[in-house]
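Work out the full structure, taking the sequences as your base and the hints as a guide.
Protein chains in written order, with the numbering used here: chain H, 1 to 327; chain R, 328 to 650.
Mixed in with the good hints there might be a few duds.
[Stated by the list, open to error] DSS-like mimics (lysine-lysine), calculated; alpha carbons at most 30 Å apart, straight line:
{"id": "1", "chain 1": "H", "residue 1": "K141", "chain 2": "H", "residue 2": "K175"}
{"id": "2", "chain 1": "H", "residue 1": "K141", "chain 2": "H", "residue 2": "K240"}
{"id": "3", "chain 1": "R", "residue 1": "K359", "chain 2": "R", "residue 2": "K465"}
{"id": "4", "chain 1": "R", "residue 1": "K359", "chain 2": "H", "residue 2": "K268"}
{"id": "5", "chain 1": "H", "residue 1": "K175", "chain 2": "H", "residue 2": "K240"}
{"id": "6", "chain 1": "R", "residue 1": "K453", "chain 2": "H", "residue 2": "K268"}
Just so you know, the hints here were simulated from the structure itself, not pulled from any lab data.
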Amino acid sequence: MPPLLEAIGLTKHYAVEAGGLFRRTKTALRAVDGVSLTINPGETLGLVGESGCGKSTLGRLLIRLVPATAGQVVFDGQEITSLNANALRAARRGMQIVFQDPFGALNPRMSVEETIMEPLLIHGSRRGATAREAVTRMLDKVGLPDSARYRYPHEFSGGQRQRIGIGRALILNPKLVVCDEPVSALDVSVQAQIVNLLSDLQAELGLTYLFIAHDLGVVKHISTRVAVMYLGKVVEVADKRSLYARPSHPYTQALLASVPATHPSQRKRGVTGQPPITGDIPTALAPPPGCRFHTRCPHAMSVCQTDEPAMRVLDPGHQAACHLLPG
Amino acid sequence: MSLLEVTDLTTSFQTSGGEVTAVENISFSLEKGEILGIVGESGSGKSVTALAIMGLLPRPPARILGGAIRFEGQDLLTLSDRSMQRLRGPGIAMVFQEPMTSLNPVFTIGEQIMETIRAHESLSQKESFGRAVEMLEKVGIASAATRMTDYPHQLSGGQRQRVMLAIALVCRPRLLIADEPTTALDVTIQAQILDLLMDLRDEFGMAIMMITHNMGVIAETADRVMVMYAGRVVEQAPVARLFDHPLHPYTRGLLSCVPTLDQDQDRLIAIPGNLPEPSRRPGGCRFSARCSHAITACGAGIPPLETLEPNHAAACIRVREIA
Numbered sequence: 001m002p003p004l005l006e007a008i009g010l011t012k013h014y015a016v017e018a019g020g021l022f023r024r025t026k027t028a029l030r031a032v033d034g035v036s037l038t039i040n041p042g043e044t045l046g047l048v049g050e051s052g053c054g055k056s057t058l059g060r061l062l063i064r065l066v067p068a069t070a071g072q073v074v075f076d077g078q079e080i081t082s083l084n085a086n087a088l089r090a091a092r093r094g095m096q097i098v099f100q101d102p103f104g105a106l107n108p109r110m111s112v113e114e115t116i117m118e119p120l121l122i123h124g125s126r127r128g129a130t131a132r133e134a135v136t137r138m139l140d141k142v143g144l145p146d147s148a149r150y151r152y153p154h155e156f157s158g159g160q161r162q163r164i165g166i167g168r169a170l171i172l173n174p175k176l177v178v179c180d181e182p183v184s185a186l187d188v189s190v191q192a193q194i195v196n197l198l199s200d201l202q203a204e205l206g207l208t209y210l211f212i213a214h215d216l217g218v219v220k221h222i223s224t225r226v227a228v229m230y231l232g233k234v235v236e237v238a239d240k241r242s243l244y245a246r247p248s249h250p251y252t253q254a255l256l257a258s259v260p261a262t263h264p265s266q267r268k269r270g271v272t273g274q275p276p277i278t279g280d281i282p283t284a285l286a287p288p289p290g291c292r293f294h295t296r297c298p299h300a301m302s303v304c305q306t307d308e309p310a311m312r313v314l315d316p317g318h319q320a321a322c323h324l325l326p327g
Numbered sequence: 328m329s330l331l332e333v334t335d336l337t338t339s340f341q342t343s344g345g346e347v348t349a350v351e352n353i354s355f356s357l358e359k360g361e362i363l364g365i366v367g368e369s370g371s372g373k374s375v376t377a378l379a380i381m382g383l384l385p386r387p388p389a390r391i392l393g394g395a396i397r398f399e400g401q402d403l404l405t406l407s408d409r410s411m412q413r414l415r416g417p418g419i420a421m422v423f424q425e426p427m428t429s430l431n432p433v434f435t436i437g438e439q440i441m442e443t444i445r446a447h448e449s450l451s452q453k454e455s456f457g458r459a460v461e462m463l464e465k466v467g468i469a470s471a472a473t474r475m476t477d478y479p480h481q482l483s484g485g486q487r488q489r490v491m492l493a494i495a496l497v498c499r500p501r502l503l504i505a506d507e508p509t510t511a512l513d514v515t516i517q518a519q520i521l522d523l524l525m526d527l528r529d530e531f532g533m534a535i536m537m538i539t540h541n542m543g544v545i546a547e548t549a550d551r552v553m554v555m556y557a558g559r560v561v562e563q564a565p566v567a568r569l570f571d572h573p574l575h576p577y578t579r580g581l582l583s584c585v586p587t588l589d590q591d592q593d594r595l596i597a598i599p600g601n602l603p604e605p606s607r608r609p610g611g612c613r614f615s616a617r618c619s620h621a622i623t624a625c626g627a628g629i630p631p632l633e634t635l636e637p638n639h640a641a642a643c644i645r646v647r648e649i650a
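Structure below.
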């Protein structure tokens with residue numbers, strides 16, 4: 001089966017003014033730098049990485065919420081980076097997004113019914129019985145009582161607001177949903193409900209997800225495959241089991257080793273005392289030359305400082321970009 | 328005598344909808360050098376408890392309705408503002424979740440660390456500069472002497488949290504209250520900060536109140552754990568005991584609802600429902616509305632915190648049946 005979405009050399013540079021008051025210079029913030037990936041129909045591709053690695057920007061690029069600086073995105077057989085406004089609007093039916101912050105992402109002046117119905121109206125439906133019935137069915141699907149439709153966002157808890165956000169994303173029957181940290185703003189006892197809801201809806205509606213998160217446990221649970229990003233680049237991508245069992249890029253290894261223990265008997269802190277990696281992620285204004293991870297990598301060699309490693313295929317479906325790996 | 332002893336602490340807030348209790352009958356103690364993990368979600372009262380100990384609850388709208396907070400035998404609730412101020416720093420210090428809003432943007436980090444030193448000790452400018460640099464090095468800031476003149480916006484999130492720690496630790500507190508110290512940070516930086524806190528505990532012998540919603544942080548750091556829900560303590564136990572034999576249905580739910588790296592499950596075991604608003608807490612056991620074991624009697628009265636094993640207490644009337 002052909003992939004539902006394919007990105008080739010996708011790049012986003014933001015122009016940033018830097019320097020002092022009298023010495024303004026323009027530099028490029030390289031948020032996403034030449035990312036190629038595929039998303040298969042019906043799967044969940046997890047996307048992980050530290051803050052500032054470009055994962056949210058990549059999610060928005062894939063559905064053209066922000067325009068790309070370079071590269072292509074083929075969604076459902078159609079190249080979307082060059083579509084005109086009308087054609088893009090039609091394509092948007094097929095790709096939607098759920099945002100992280102359920103407080104900021106909903107219009108406080110719109111009732112739940114108006115919020116969930118709005119995408120239908122934008123795409124040409126009439127405000128009438130049919131649209132209202134669609135809202136009724138959607139409220140039921142996302143686990144909200146029908147009485148919720150006349151209420152406003154402030155009357156709901158974080159978890160319930162996220163249900164509203166999911167309802168709004170699904171009302172157009174999209175094929176692909178970008179979930180951008182959909183549970184990280186929620187209380188832990190509520191997160192599992194939303195993760196289960198997303199799984200149920202995927203099974204019921206045959207949805208494809210790009211699931212962006214920094215919680216490696218949640219990503220392991222929900223994903224089919226996982227891509228790891230570092231400073232604008234995908235450094236490793238693999239089937240979930242393969243990635244968590246045999247992380248191959250030193251950055252992936254460090255990320256997994258940083259996750260706290262699940263039981264006090266497996267404590268990693270104290271005594272032995274070395275954190276998996278030291279220092280912070282460098283700025284995307286001036287990413288290190290060669291392999292971008294070499295400044296923090298415990299295995300860095302001289303070649304890592306000069307040559308950018310290419311993606312190597314380790315197993316079918318398991319790729320990583322590191323000079324240590326067999327080419 | 329314990330380092331810190333909180334007895335039956337009850338606080339409330341005046342809101343537009345009337346007076347709402349934030350925490351009710353909280354009791355716990357902390358020994359020298361011990362790390363007490365306090366687990367809870369929004370509205371559990373964990374941060375209010377911390378602010379009450381620090382004497383930083385804004386009064387009004389907050390009120391302390393009862394109870395006592397004893398630090399090294401001294402009742403903090405009867406202490407004058409001046410004495411309390413003298414205690415903050417060398418006695419008790421606190422780091423907050425959001426290092427950006429907790430640092431003053433218009434002063435250099437060096438000035439902010441030295442201000443703390445000079446508030447408590449009569450050191451010369453040069454001596455306090457030296458102390459500040461030493462502390463920055465200790466918390467892992469590279470080339471500390473040159474970073475002293477940096478402003479908070481020039482630092483990354485992880486570095487800001489290190490600076491917050493340096494300010495909190497520069498007077499060598501006997502008790503550090505860490506309120507979600509790594510929640511805003513990436514997992515790689517979290518690992519570094521937790522390592523640092525454990526090292527500093529070992530080096531200075533300070534006690535830590537580790538407030539978090541993350542069971543992983545508890546598993547990594549705590550000696551004992553107190554679990555709070557909707558303003559009350561629902562369970563207290565030594566850390567290994569809590570993970571091996573959680574008694575309260577809420578604790579069990581918290582431990583099983585978070586997907587971990589070492590297990591595979593088709594479906595997460597979710598806790599149904601939502602956290603109650605402080606003004607709309609159910610009568611009786613606050614967790615009863617979300618509890619799969621709830622019976623009619625659970626709504627009748629607030630279950631007392633009962634010691635069931637040595638050092639292990641839970642507040643659930645059905646704990647013997649369901650354990």
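These are the hints, each one checked on the structure:
Pair hint K141 of chain H plus K175 of chain H holds up; C-alpha atoms about 17 Å apart against a cutoff of 30 Å. For the hint linking K141 of chain H to K240 of chain H, the alpha-carbon distance of about 28 Å falls within 30 Å, and the restraint holds. Of the pairs offered as hints, the one joining K359 of chain R and K465 of chain R holds, with about 21 Å between alpha carbons and a cut-off of 30 Å not exceeded. About 23 Å separates the Cα atoms of K359 of chain R and K268 of chain H, which keeps this hinted pair within 30 Å; it holds.
Straight-line distance between C-alpha atoms of K175 of chain H and K240 of chain H comes to about 22 Å, which keeps the hinted pair within the 30 Å bound. The straight-line distance between the Cα atoms of K453 of chain R and K268 of chain H is roughly 39 Å, outside the 30 Å bound, and the hint therefore fails.
Going down the numbered hints, you'll see the structure goes against just number 6.
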